[in-house]
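Participant: Chains as they are written, first to last, in full-length UniProt numbering: chain L, 1 to 311; chain Y, 1 to 315.
Heads up, some of the hints might be wrong.
[To be verified] In silico SDA-like links for lysine to any residue, alpha-carbon gap of 20 Å or less: (1) K198/L x G297/L; (2) K123/Y x L53/L; (3) K123/Y x V302/L; (4) K198/L x L32/Y; (5) K123/Y x V134/L; (6) K123/Y x K198/L.
Read the hints as simulated data drawn from the structure, not as lab findings.
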Amino acid sequence: MSRTSAASGAAGTADVRGATAYGLARTAPPRPRSRHRRGVGFIVGRVLLYLMLAALLIPVLFPVYYVFVGTLMEPRELSTFPPRLLPTGVHFENVQGALAAVPLLRMYTNSLVMAGIITVCQLFTSALAAYAFVFLRFRGSAVIFALFLSTLMVPAEATFIPNYLTLTGWGLGDTYAGLVLPFLAYAFGTFLLRQSFKQFPRELYDAARIDGMGHLRFLWTILLPLSKPALTAVGMYVFITSWNMYFWPLIITRSTEMQTLQIGLNSLKAGEAANPGLVLAGAALSVIPTLALVVFGQRFIVRGLTAGAIK
Amino acid sequence: MSAGPVSERRAASRPTPTSSHKRAGPGRDALLAWGFLGPSVVIFALFLVYPLGRTVYLSMHGNDIIGQPNRFVGLSHFAEMASPEFGRILFTTLVFTLGVVVPGVVGALVVVLLMEGVLRGQKFLRGAFALPFAFSVASASVIFAVFYSPGNSVLNGILYRMGLDQVPWLTSQEMALWSVALTTVWMNLGYGVLVLAAGIGSIPKEVNEAARIDGATGPRLAWDVTVPMLGPQLFFLIVISTINALQSFGQIHILTAGGPVGSTTTLVYSIYQDAFAYGTSDFGRASAQALVLLVVVLVCTLVQFGVIERKVHYS
């Protein structure tokens, strides 16, 4: 299918491998474009390829389409059989109904507070730990780093029962502290920031140290501002995963006032007034922030997500 | 924070130790390092290491009605696991994991290979396939609950329009687990596409060019060159998908609550049921199962990383 000739491919490819973070922008190599005569077979192959991709993309995008279109339908358009697939107009009854059925705005705030605290604290604990592993020499550094990484192998569900007993024992059940405490440090962030810090130019570090700059000041005024891409990647990853948490908020919260948005969605689905329109409206409202992050911050998310996969 | 002589600092932070390193008190860096590691270490100790020990302790105890362990029961919680009931939970977990990992990884591979073949719109396609990643487990699950709902299922509506038979998505014991798995595959596909697309991006151009000079095109090029070169990313994806599938919880809680008749009760869901779902908690039984989950996840990770180290091609 790719009939781009080897010759034109080689001519059009300027490899810029080796460009890294910290200043050197990665320029995309010009795309090889065949200027040769294209046979019928080529065109048929290309069309088939796009058709196959479309056949896969439609079921992937259908739920994304339907959650928003269904939200804006009239409630009765969804409760007939077969349910409508195309909208007849824009209606806000479902949104109003969802907001009335459960305190969604309060739950929104809870999710925002929880994910915000976890993100800021994890960036803080991870950056400090990563700094120690990269810039400070101390006995057992390699062993301790290995121990840090080994914490990633423990499934969180295996710690939930004791953590539930500990935190409710401290009187922190159904509080923000109870929601966030077990997640204030996570070795994945340390791992990613360590990778990033290791690429920091040695000369800059040495220069700062010769000037008598202390470790904390160097970390705060030079290293962190220059590590923004890595911090953003870690921050977005942590924010999305904690915003989406389900098991822990389900067990540690009791009152509707402390429940997070994700738990609220289940209440909406299981509630007395449950109907498809309300459920879709709640899901649409809940997904808007993360959808915005994924659409506008994709390069950071890809970086955070695939960091373990590449190298 | 630090006013020590410059030379010792530089030496201390260099990978190659010099003579001044020994002379300069290594204590300062070490002290600072522990200060920096402190916050993480405290959290890990309280909420990860201690709980592991506590889980072992709880697994050997029975508890009273408010959850306090009040009697030593030895290994009886583990002995109870020899029952057909627990065997069924393990089997359900296995089927669910395979039903999520195999279609998820194969689907993502097919998508990225097809995307490699097209010249235009790759970036748009990658973004479009990644969109479901923005959906939380809960939001995806409630949307699929609407799609599956027995009364006016959106999916059955589509089948009806096409003149096809209705499907008892969540109400039949044979079907429910696959419906939950389908929801999970939908949520995870975008992640697989992102991982594999990044892997394809890191294949050196020369490799493809050399293969093309040798006459490999289209499907041959994809299967004989691209797929083997994606080895590390494929294994990474299999490891991560397996671990995630083993830990799936929200979609089961929302879509089926373990039913009908226990047909979607996986290990994690069973832990939840024993510990938290009913008024009287059985933390001992749940802790014993949590240890099984821990061991299964650890073994998966170690075995698969062992395979990666030995077999997979690294560029």
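Participant: Which earlier hints can't be squared with this structure?
Facilitator: Going through the list in order, the structure violates hints 1, 5 and 6 and respects the others.
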